[in-house]
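A.B. asks: Sequence:
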Amino acid sequence: MAEKKQTIVIKKITIVAGGGHGGSWKVALADFMTALMAFFLVMWLL
1 MAEKKQTIVI
11 KKITIVAGGG
21 HGGSWKVALA
31 DFMTALMAFF
41 LVMWLL
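Residue numbers in the sequence shown follow the working numbering, run continuously in steps of one, and reach 46 at the last position.
None of these hints come from the bench; they were simulated from the model. Errors might be hidden in some of the hints.
Claimed, not checked - Taking lysine to any residue pairs in the SDA-like style, the calculated list, with each CA pair at most 20 Å apart, reads:
(1) 26 <-> 43
(2) 26 <-> 37
(3) 26 <-> 16
Build out the structure end to end from the sequences listed, making use of the hints.
C.D. replies: Structure follows, in structure tokens:
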């Protein structure tokens, strides 16, 4: 029997840091809240 060469397949799974469970939404929310606070402060001073 002749030997067959087996092909080795290596699957690399890329893992995205954080993904949907990351903390980037917290930064966006804090930026939005800061902008709202500044807006209402200006409106209150007028």
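A.B. asks: Hint by hint, note whether the structure agrees.
C.D. replies: Evaluation of the provided hints:
no. : hint      : in the structure
1   : 26 <-> 43 : violated, 26 Å
2   : 26 <-> 37 : holds, 16 Å
3   : 26 <-> 16 : holds, 18 Å
Consistency with the previously given hints fails for number 1 only.
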